[in-house]
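Please arrange chain B on chain A, whose structure you already have, making use of the hints.
2 protein chains.
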Amino acid sequence: MKNYINIGLFGLGTVGKGVVNQLNDNGSLIKKRLGREIRITRAVTANPDKERGIDLKNIQISNKINDIINDPEIDIVVELIGGIDLAKSIILQSLKKGKSVVTANKALLAECAEEIFNAAYTSKGLFGYEASVAGGIPIIRNIRESYSGDKIMEISGIINGTANYILSSMSEKNETFLSALKEAQEKGFAEADPTFDIEGIDAAHKLILLMNLSFNAIFDFKSLYIEGIAQIEPIDIEIADDFGYVVKLLGKARDDDKGFEARVHPTLVNKNSILASVNGAFNAVQVMGNFVGETLSYGAGAGSYPTSSAVLGDLIQIGRALSSSDTSSPPPLSFQIEHLRKKQILPIDELETEYYLRFTVLDKVGVLASLTKSLGENNISIRCMIQKSKEHVPGLPVAVVILTHIAREKDIRAAINEIDKMPIVTSPTRLIRIDP
Amino acid sequence: MKNYINIGLFGLGTVGKGVVNQLNDNGSLIKKRLGREIRITRAVTANPDKERGIDLKNIQISNKINDIINDPEIDIVVELIGGIDLAKSIILQSLKKGKSVVTANKALLAECAEEIFNAAYTSKGLFGYEASVAGGIPIIRNIRESYSGDKIMEISGIINGTANYILSSMSEKNETFLSALKEAQEKGFAEADPTFDIEGIDAAHKLILLMNLSFNAIFDFKSLYIEGIAQIEPIDIEIADDFGYVVKLLGKARDDDKGFEARVHPTLVNKNSILASVNGAFNAVQVMGNFVGETLSYGAGAGSYPTSSAVLGDLIQIGRALSSSDTSSPPPLSFQIEHLRKKQILPIDELETEYYLRFTVLDKVGVLASLTKSLGENNISIRCMIQKSKEHVPGLPVAVVILTHIAREKDIRAAINEIDKMPIVTSPTRLIRIDP
Numbered sequence: 001m002k003n004y005i006n007i008g009l010f011g012l013g014t015v016g017k018g019v020v021n022q023l024n025d026n027g028s029l030i031k032k033r034l035g036r037e038i039r040i041t042r043a044v045t046a047n048p049d050k051e052r053g054i055d056l057k058n059i060q061i062s063n064k065i066n067d068i069i070n071d072p073e074i075d076i077v078v079e080l081i082g083g084i085d086l087a088k089s090i091i092l093q094s095l096k097k098g099k100s101v102v103t104a105n106k107a108l109l110a111e112c113a114e115e116i117f118n119a120a121y122t123s124k125g126l127f128g129y130e131a132s133v134a135g136g137i138p139i140i141r142n143i144r145e146s147y148s149g150d151k152i153m154e155i156s157g158i159i160n161g162t163a164n165y166i167l168s169s170m171s172e173k174n175e176t177f178l179s180a181l182k183e184a185q186e187k188g189f190a191e192a193d194p195t196f197d198i199e200g201i202d203a204a205h206k207l208i209l210l211m212n213l214s215f216n217a218i219f220d221f222k223s224l225y226i227e228g229i230a231q232i233e234p235i236d237i238e239i240a241d242d243f244g245y246v247v248k249l250l251g252k253a254r255d256d257d258k259g260f261e262a263r264v265h266p267t268l269v270n271k272n273s274i275l276a277s278v279n280g281a282f283n284a285v286q287v288m289g290n291f292v293g294e295t296l297s298y299g300a301g302a303g304s305y306p307t308s309s310a311v312l313g314d315l316i317q318i319g320r321a322l323s324s325s326d327t328s329s330p331p332p333l334s335f336q337i338e339h340l341r342k343k344q345i346l347p348i349d350e351l352e353t354e355y356y357l358r359f360t361v362l363d364k365v366g367v368l369a370s371l372t373k374s375l376g377e378n379n380i381s382i383r384c385m386i387q388k389s390k391e392h393v394p395g396l397p398v399a400v401v402i403l404t405h406i407a408r409e410k411d412i413r414a415a416i417n418e419i420d421k422m423p424i425v426t427s428p429t430r431l432i433r434i435d436p
Numbered sequence: 001m002k003n004y005i006n007i008g009l010f011g012l013g014t015v016g017k018g019v020v021n022q023l024n025d026n027g028s029l030i031k032k033r034l035g036r037e038i039r040i041t042r043a044v045t046a047n048p049d050k051e052r053g054i055d056l057k058n059i060q061i062s063n064k065i066n067d068i069i070n071d072p073e074i075d076i077v078v079e080l081i082g083g084i085d086l087a088k089s090i091i092l093q094s095l096k097k098g099k100s101v102v103t104a105n106k107a108l109l110a111e112c113a114e115e116i117f118n119a120a121y122t123s124k125g126l127f128g129y130e131a132s133v134a135g136g137i138p139i140i141r142n143i144r145e146s147y148s149g150d151k152i153m154e155i156s157g158i159i160n161g162t163a164n165y166i167l168s169s170m171s172e173k174n175e176t177f178l179s180a181l182k183e184a185q186e187k188g189f190a191e192a193d194p195t196f197d198i199e200g201i202d203a204a205h206k207l208i209l210l211m212n213l214s215f216n217a218i219f220d221f222k223s224l225y226i227e228g229i230a231q232i233e234p235i236d237i238e239i240a241d242d243f244g245y246v247v248k249l250l251g252k253a254r255d256d257d258k259g260f261e262a263r264v265h266p267t268l269v270n271k272n273s274i275l276a277s278v279n280g281a282f283n284a285v286q287v288m289g290n291f292v293g294e295t296l297s298y299g300a301g302a303g304s305y306p307t308s309s310a311v312l313g314d315l316i317q318i319g320r321a322l323s324s325s326d327t328s329s330p331p332p333l334s335f336q337i338e339h340l341r342k343k344q345i346l347p348i349d350e351l352e353t354e355y356y357l358r359f360t361v362l363d364k365v366g367v368l369a370s371l372t373k374s375l376g377e378n379n380i381s382i383r384c385m386i387q388k389s390k391e392h393v394p395g396l397p398v399a400v401v402i403l404t405h406i407a408r409e410k411d412i413r414a415a416i417n418e419i420d421k422m423p424i425v426t427s428p429t430r431l432i433r434i435d436p
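Taken in order, these protein sequences are the chains called A and B. With the numbering used here as the guide, the letters of the first sequence map in order to residues 1 to 436. With the numbering used here as the guide, the letters of the second sequence map in order to residues 1 to 436.
Isolated chain A, as found in the complex (with noise of 0.2 angstroms):
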């Protein structure tokens, strides 16, 4: 047995260099527990000249992938480059070559599933992707491993931290979105195009890559419902506290007997949970499995260090696999092969939850009635009901807002279809979903 496992990384960005800085600092410590050293031999990077201000010493660096690709002596490599086509040749091509892959690419997960997890599936080499979810929690290992035991009932979490930063600021600064998010970009917990975090693409991955893990299936990105929480309003903060409640950026996934029902969108989340408690850039996952019951995992979801954290849980756990056979490793996504199965998500139509609903409506008489005889039609029943204005101005538009009893998405969606073109209704209805 050789003495060391070599790596190499493609990427020297921000967790790149987290993993540099981790092997330098903790390399020795890892040495005592993996019982060999672990060494990044090679990096490839489109600028090898730049200065970046850690310690490179003994890593070759170049700009041609082939350097890594085709170097026989490395066992392990490492994909922090993102995106999706360059990192998809990288890593299809390495596993390929039977050599070990590490990755924390989400996007390509979530959007390539079947065509990266076939690889990992028939490589030899081992396939590595705690860092692609929730930075330093480890929710993968959790599920395919912890939990292995488990039948899988729901997931569901905080996993963009931009999103609960933004409205964790909302909620106790009282800021707008806009202020908020700008807040967020000057402190680095929003990037200058926010756009995957805000609109939720970035959970939806996640929440992908989680239900393939957790439902032992490939299910289609593409038909994941997504909604981000640009349309959040301070209103809506201030009225679901005075409900009970805060907003949170959730996504959710649940198997049961219909089907299986999965969603990103902004959340009303009991103020006593402990989902609740997670603010700024923090993630957190809940699991329900049938034995191990409601658990939740937190920590820090993105950054350099916790992901680089996270890549060097799945090195280390590699290279000990890499002496041995590696049916000693458990799956990719836990199931053994021939039991994997393409599964569909239910559509959005389909979900039954509660909601709440922002009116605004002229202060009229009648209006009250015309709301409620048009949920009353579409099968909405009314839980609480308040109305809000700052001023009372007779003439001006007020807030009505109106929390339901569970109901059918669609119907919802019938209703305020219905109430959006009533001439009382000045501007369109908000919903946001509620976690009963």
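Please keep in mind that the hints were generated in silico from the structure rather than gathered at the bench. Virtual Cβ for every residue (Gly too), placed ideally from N, Cα, C. Treat each hint with caution, since some may be false.
To be verified - Within a straight-line C-alpha distance of at most 20 angstroms, the following computed EDC-like cross-link-like pairs (lysine to aspartate or glutamate) qualify:
| no. | chain 1 | residue 1 | chain 2 | residue 2 |
| --- | --- | --- | --- | --- |
| 1 | B | Lys31 | A | Glu338 |
| 2 | A | Lys151 | B | Glu186 |
| 3 | A | Lys258 | A | Asp349 |
| 4 | B | Lys271 | A | Asp241 |
| 5 | A | Lys342 | A | Glu111 |
Unchecked claim - The following residues of chain A were derived to be distant from chain B, with all beta-carbon distances above 12 angstroms:
| no. | residue |
| --- | --- |
| 6 | Asn6 |
| 7 | Gln22 |
| 8 | Thr45 |
| 9 | Ile59 |
| 10 | Gly83 |
| 11 | Thr122 |
| 12 | Ser179 |
| 13 | Gln231 |
| 14 | Phe260 |
| 15 | Ile348 |
| 16 | Glu354 |
| 17 | Ser374 |
| 18 | Asn378 |
Frame of chain A; chain B shown alone:
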């Protein structure tokens, strides 16, 4: 490769029955993950003929230990009888025979760590003990595998469900300790003899185990400072609440420059922290690594099914490794055996933290001056102070509560010792440490 793994099960109590039920319910799902069947072929229990209301078909049941130990067909021995002597003998004999062992026995692993882990390291068999700490929370695997690239700086947690249930009840219902304990016993959250739980011993067993694993060492259980919750009074919970704290039984250990700090005692925890929202019988463990940062794992800390889920996770992991070289499995205490050391815990006198001090004093002129003089002379600096008495009756004792800045435990004890001898003090001073 055999297409099944044979289990010999010691104990058909709460957890043992859970394991049988989980294999009955989830067996085919587990086979899809592991690629092999896990089957219990033998069980040993003191009362083989007792009716247990579970499906025990295909399991040969006896009361003879050697029926399992000497059966060459048995791959993994599961020890769920608890207690020290007999369980130790079963585990050591099984490891000696080269069988793998899975146990939930925290008392044994904490109090006889050196003997058990030496045997585990030197046996050809593998050793799983996830179920021994915090039931369904995968904290052993998180530390041993997911955070294996990190230097663990600090662990702290709510690791006794009974104590947390009692403190939560006291807080929610303004109950005394004794009435909350009675209610917990009636609802099955506390045993008839609750000593281990309320005195902090069970939490201390778990903390030592987590320390051994996190700090890659063997610590002496007897040197751990342990304080239970029986002396917490409603007035402490009420005043803590006024100051923005809740009272939790916390186990905490830190690796700092001076040495290893470790203790189990009631602690004031900031209301806004995520630990404060862990209520009822739930557990949560925080781990701080030098790269992963702050993490928390939450779930059911005990009970038949969450604990059996942890046993099954270990069985599946060992089941995979059995078909390959055992170098693929992480060492029992994470470090390779040649790097393991015995390490010392710092004496509690060395602790530096913030303190809640409740003095019971006569309501006289000059009392505060006496208290603050003694504190000052012992290098203790005051953060805030309140006086609490339901009705102000001159001559009757009142409660004075002082919160300190960070101080040394040794100084605090010296001051209390001095103060409790003053004639103005009518009852011993109560001390609760604050998590700063």
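Here is what the structure says about each hint:
{"no.": "1", "hint": "B/Lys31 - A/Glu338", "in the structure": "holds (12 angstroms)"}
{"no.": "2", "hint": "A/Lys151 - B/Glu186", "in the structure": "violated (31 angstroms)"}
{"no.": "3", "hint": "A/Lys258 - A/Asp349", "in the structure": "holds (13 angstroms)"}
{"no.": "4", "hint": "B/Lys271 - A/Asp241", "in the structure": "holds (18 angstroms)"}
{"no.": "5", "hint": "A/Lys342 - A/Glu111", "in the structure": "holds (14 angstroms)"}
{"no.": "6", "hint": "Asn6", "in the structure": "holds (17 angstroms)"}
{"no.": "7", "hint": "Gln22", "in the structure": "violated (5 angstroms)"}
{"no.": "8", "hint": "Thr45", "in the structure": "holds (21 angstroms)"}
{"no.": "9", "hint": "Ile59", "in the structure": "holds (18 angstroms)"}
{"no.": "10", "hint": "Gly83", "in the structure": "holds (25 angstroms)"}
{"no.": "11", "hint": "Thr122", "in the structure": "holds (15 angstroms)"}
{"no.": "12", "hint": "Ser179", "in the structure": "holds (23 angstroms)"}
{"no.": "13", "hint": "Gln231", "in the structure": "holds (28 angstroms)"}
{"no.": "14", "hint": "Phe260", "in the structure": "holds (16 angstroms)"}
{"no.": "15", "hint": "Ile348", "in the structure": "holds (28 angstroms)"}
{"no.": "16", "hint": "Glu354", "in the structure": "holds (22 angstroms)"}
{"no.": "17", "hint": "Ser374", "in the structure": "holds (38 angstroms)"}
{"no.": "18", "hint": "Asn378", "in the structure": "holds (36 angstroms)"}
The earlier numbered hints that this structure contradicts are 2, 7.
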